[in-house]
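Once you have looked at the hints, place chains B, C and D with the ligands on chain A.
Chains as they are written, first to last, in the numbering used here: chain A, 1 to 376; chain B, 1 to 376; chain C, 1 to 337; chain D, 1 to 337.
No wet-lab data here; the hints were simulated from the structure.
All C-beta atoms, glycine included, are put in the ideal place defined by N, C-alpha and C.
What you were told as hints is all true, and nothing was included just to trick you.
Computed list of lysine to any residue pairs in SDA-like fashion (alpha-carbon distance at most 25 Å, straight line): (1) 334(B) / 324(B); (2) 190(C) / 205(C); (3) 33(C) / 253(A); (4) 207(C) / 358(A); (5) 265(D) / 294(C); (6) 120(D) / 155(B); (7) 292(D) / 366(B); (8) 265(D) / 324(D); (9) 234(C) / 367(B); (10) 265(C) / 295(D); (11) 120(D) / 123(B); (12) 234(D) / 364(A); (13) 120(D) / 351(B); (14) 234(C) / 318(C); (15) 234(D) / 363(A); (16) 33(D) / 254(B); (17) 207(C) / 355(A).
Reference excerpt, derived from the structure (chain C facing chain D, CB under 7 Å, subset only): (18) 98; (19) 99; (20) 105; (21) 145; (22) 146; (23) 148; (24) 151; (25) 278; (26) 286; (27) 291; (28) 294; (29) 309; (30) 310.
A few chain C positions that, by computed beta-carbon distances, are all more than 12 Å from chain A: (31) 191; (32) 325; (33) 333; (34) 336.
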Amino acid sequence: MTLHGHVPPEPDLVQLLTPEGVRVDHPDFPLEITDEEIKSLYRDLALVRRFDGEATALQRQGELGLWASCLGQEAAQVGAGRALRTQDMAFPTYREHGVAWCRDVDPVTLLGMFRGVSLGGWNPNENNFNLYTIVLGAQTLHAVGYAMGVVRDGAVGTGEHDRDTAVLAFFGDGASSQGDVNEAFIWAAASNLPVVFYCQNNQWAISEAVERQTRVPLFQRAAGFGFPGVRIDGNDVLACLAVSRMALDEARSGQGPTLIEAYTYRMGAHTTSDDPTRYRLTDELETWRLRDPIERVRAYLVRDAGVSQDFFDAIDAESEELAVRIREACRQLKDPTPLEPFDHVFSEMTEELAEQRAGYAAYLDSFEDASLKGAS
Amino acid sequence: MTLHGHVPPEPDLVQLLTPEGVRVDHPDFPLEITDEEIKSLYRDLALVRRFDGEATALQRQGELGLWASCLGQEAAQVGAGRALRTQDMAFPTYREHGVAWCRDVDPVTLLGMFRGVSLGGWNPNENNFNLYTIVLGAQTLHAVGYAMGVVRDGAVGTGEHDRDTAVLAFFGDGASSQGDVNEAFIWAAASNLPVVFYCQNNQWAISEAVERQTRVPLFQRAAGFGFPGVRIDGNDVLACLAVSRMALDEARSGQGPTLIEAYTYRMGAHTTSDDPTRYRLTDELETWRLRDPIERVRAYLVRDAGVSQDFFDAIDAESEELAVRIREACRQLKDPTPLEPFDHVFSEMTEELAEQRAGYAAYLDSFEDASLKGAS
Amino acid sequence: MTSPLEAASAARTMTMASALNTAIHDSMSADPKVLMMGLDVGKLGGVFRVTDGLQKDFGEDRVIDAPLGESGILGSAVGLAIRGYRPVLEIQFDGFVYPAFDQIVCQLAKFHNRSLGAVKMPITVRIPYGGGIGAVEHHSESPEAYFAHTAGLKVVTCSNPSDAYWMLRQSIESDDPVIFFEPKRRYWAKGMVDTADTSFAPWPLHKARVLRPGKDATLVAYGPMVATCLDAAKAAAGDGHELEVIDLRSLSPIDTATVVQSVQKTGRLVVVHEASVSNGMGAEIAARVQEKAFYSLEAPVLRVGGFDTPYPASRVEEEWLPDVDRILDAVDRTLAY
Amino acid sequence: MTSPLEAASAARTMTMASALNTAIHDSMSADPKVLMMGLDVGKLGGVFRVTDGLQKDFGEDRVIDAPLGESGILGSAVGLAIRGYRPVLEIQFDGFVYPAFDQIVCQLAKFHNRSLGAVKMPITVRIPYGGGIGAVEHHSESPEAYFAHTAGLKVVTCSNPSDAYWMLRQSIESDDPVIFFEPKRRYWAKGMVDTADTSFAPWPLHKARVLRPGKDATLVAYGPMVATCLDAAKAAAGDGHELEVIDLRSLSPIDTATVVQSVQKTGRLVVVHEASVSNGMGAEIAARVQEKAFYSLEAPVLRVGGFDTPYPASRVEEEWLPDVDRILDAVDRTLAY
Ligand SMILES: Cc1ncc(C[n+]2csc(CCOP(=O)(O)OP(=O)(O)O)c2C)c(N)n1
Ligand SMILES: Cc1ncc(C[n+]2csc(CCOP(=O)(O)OP(=O)(O)O)c2C)c(N)n1
Ligand SMILES: [Mg+2]
Ligand SMILES: [Mg+2]
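With the rest of the complex left out, here is chain A (with noise of 0.2 Å):
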């Protein structure tokens, strides 16, 4: 024997509607859905793309300063997100805008934070969808005390529908490779904590291709830190529905965590920022352009659940609707004053703070007397 040699075989990605939108089965990850609910996922992936489009559209508009647009993993967030229950925690990275829609996050809100008129802004435990980390995987460390919290107040394994609570840490391929996201799986594992671990591998890291953050799939890495991974189509909303579900209910039963890989593309640039034409084929583009998460749920509806034109077209307008809001709104927000970023620094202003305040206030109003800033 050698040590080095052997060659897992390749993984099970598991999926439940092909791209071209035949509904398939998995022995191991059954979903009962209707096609109600079929349809109102198609919903929420058409209205999180119509958003995000919108976003890019204002960025470019020079009305945000940045934007990470979350196009082609609309699946994978969607599906992840409507397997929440109301009381489970998730944690997302800059890019879960399927998430917060499916948290009843306000747009919005969102465009604020990439418009630069606040770092954040929304309440964590409102909708219970965590600020967005920008720092590559510090928050799955969070999910990980929130799921310790969760544990102390016997929120685990107590059966009753509404109480057990599980936490959803979202990361990215890259992130994959940041210490804390290691370290997050090596707390959950030892506690046995209720979270689930939410990879989309989008494939990309900015300019950098997976291959560059490991050579095996990455669910495989849980299995090492002694719990279970699976790889799951994350263009495929209803499995990642149906895995995201397993998984929420196996942490809030009291199981452990669990890692979901959820393999999907970013369609996009990383963000407004970025120019992937540096770094990647088209043709890369176009295979998973094939693939597309909302086009085959749209197939499906049309041929196999006989969902009439109106519906989409119903869709649509509600999609411009919502853009129109969105897009005025966002020209609506109104700008931090010069004062506020002395708010929130504590509960409670510290005297030296307060007088820093001061000072500048002072300052900025020996302009007002003047009538003018920048005259001097």
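Frame of chain A; chains B, C and D with the ligands shown alone:
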């Protein structure tokens, strides 16, 4: 199916010499070794134990500030240490006195660090034995970087015995939870580096049992990152030697990283500052005493290799000489002068620091003038 | 460890370590959301025994031996706080806080701000710090300035058992993150602690305290150097110099007013700390005092601290660390101006 | 990117980004041990294109897209240095250096010392820093004081393309670790760079430079604030005040002498930086100047910097950052003393 509930089979523990001193074969890890070589390993083990015990005694006598004993881990260290070729590089923690021994680092130099006359103070490139690293896990990334250099130097996979170079990175069961160690796994796997990660699972991280870090055997973690892992009887110097050799050979030949988990036991306190009676039972100690790494080699030598008492007497005498030598040398280690801390901050002292040093020198001189310090 | 509640009637003499232990105990008794987490804080009671007995009293769910990762300790504490808990953390030694630096600077310090005040971060990070105990590398450092430079953190340090008790209780009660530096070489120093004081906070957490009045020059110190400065003042008194000694206590925010008032009286200031001088706390205090007491200063503010070198090997640490002589040397220099 | 060696004959106008790129290129050409490593530094050429074309010229072995972990980047660089390499590292943005803080403070800064000089750490850590570019959180910070407080590190920053080129080359040639801060909002500012200057180092790496002489007050700045201070000085000249502007360039060690000399002439000093004021570089400079130029100062050293808050949302950053008006306000205050 459910995601959870699949219990992996308990791992094999590679063993070539039983606690009773019986030589056994392992189908995957053959070891060709003469009795003369085993006698030489015995000598290493015995001298390392003597040196380590002497250091503990020196600490008790107030000659050292601290000592981190390797008692019980001699086989894990000597087995790995003797598997190294001259050109290989070892990155120890703070407990690898047995590896230092194999690399011909003078024990007295190690004592200097624990006495407090230096912060390390040997040249890592002289014996290809890095400085002790106290910050847990940090050295595993240094090993990775060093291995990147090895690859860039074309010192991997050439087939030249004295050129191909492997890197051996030590860490403990506790340190396995640090982000750095997991990042090191990621880097080594992604770039297929010639690193052998060598985890001495001595069951404890100060007072924390290994179960606090992981619920599955540590060697399994490697597979999740895409390289082989193997658990060996860390108290069996032959297993340690055989498996380390194979892993280092495969690293040198360009087959990439391996994780070896040497399953062993910290027979002593964490350090001389520690009081293990507060957190562990003596039962455990008794169990492990029966697995002593040295006794089994002695039993084998006496029973199966017909080694006479003379051999053991000679080693006892050599041990005693060693102890005397280091005891005396330790007491004679020179304290740094007050100005020495300024010496190696930079490769060339900055003007700023030179000024600070001059100011302090003048201050010290003022006492010499005044003939004593502390008189003010 | 007897709970102070059982012995409420009177003040007691205790070591600083014991005062800290009692503070955590009392905070945990008072509020079920308070948790204690760190390495070896359970059965072992921490390497300095500051958490001795707490796991026995409050169970493994509230006194948590963490997996071995400082980033994990800080990051999970942030998550616990989002869920409404008030974690008290122990970093085993000063030199091991850096793996957690990212979570401290980017998350702990900023989360409340990022949420526009919606989420509080009532996390206390206890860090035994400073040198003089003959330890190996990374066990004797004074990293306080890194944290004092980080907006969103409060940074305090105690110099005696009574402050240890009360300042730790106040820190745990604070809704903001507090980095709580414990001068490890003073852990075994004894002092009176009145844990039954009903006014709870005998002294505001962020206020400095004049420990010894004097008119010739002011010494400002904190943590381990306070006792050294008091010794220096005693020695100076023998030479006829009356030094005012201020225990700064809070490093962020800084009670500048107390220092300035003193300097307005004495006209001379020496700041003392173990940390390397450059960009240390002494720089900030000097900068503030020269600004706010410009016309009062009869000599420049002088700084006595560790040199701008890595903390040295322990056999030379006593030479490297500020001591009475080096402080008096600075006093002589300021008086000579 | 044309190698400057091919165009050695003359000075050229280039952007700071291009000057940095050329510096790395020339360093890599000059010494095969120099490597470039970071996130997205390969095909993409870095998010700011500072490493544009380098991978094409030097191959993937020497221009390395790192796995995504800053601790890994720093830690592996330390290992490369032990093996004899000279890594140049790119940290993508200021706010992402913290996961590497432990490796920087405990290893990079201390390794040479720990080895008693046996091992050099010729590692350059490039960090684009500072605000004013309308970015989201963590992309606009100024963490230089953390590093300047860390013994064993050298810390420098450039304010113009020529310094960018030469200081980076000098940093890469240095046998000590250098934290090299690049003012990202000035990446596209242009200036003359003479890469063919045979004297190699037109100005010592750790020496400050007087950019504009003046007699009424001194402005000390570095990196992004140098241009702002020059603007302020121009505006002040209109009001009849002659301000001397010093580009500090090196934050550790600090060229105190140049600053003190200036203050001895002007009697007044304002220090300007983007970082939060408390415990920032301004504190250290104030502390040194009041000590070394005590009798020359006619007014206290004033500091203009970011407030003691987290870096704010970008729509208010221009108000938060020091600008010409805030600098002139401080100048007015110091002149009024
Ligand atoms: C600690 C840290 N380092 C660097 C960055 C800069 N950065 C932002 S996103 C990104 C790539 C992340 O890739 P991945 O985790 O795959 O997520 P994706 O963007 O593809 O959704 C990088 C390097 C960061 N945000 N945090
Ligand atoms: C980053 C860091 N945190 C904490 C410590 C303090 N510490 C020293 S040894 C140790 C336990 C290490 O356990 P393990 O890795 O199993 O190695 P062992 O001591 O058993 O050989 C701890 C917590 C440290 N050295 N570094
Ligand atoms: Mg990605
Ligand atoms: Mg151990």
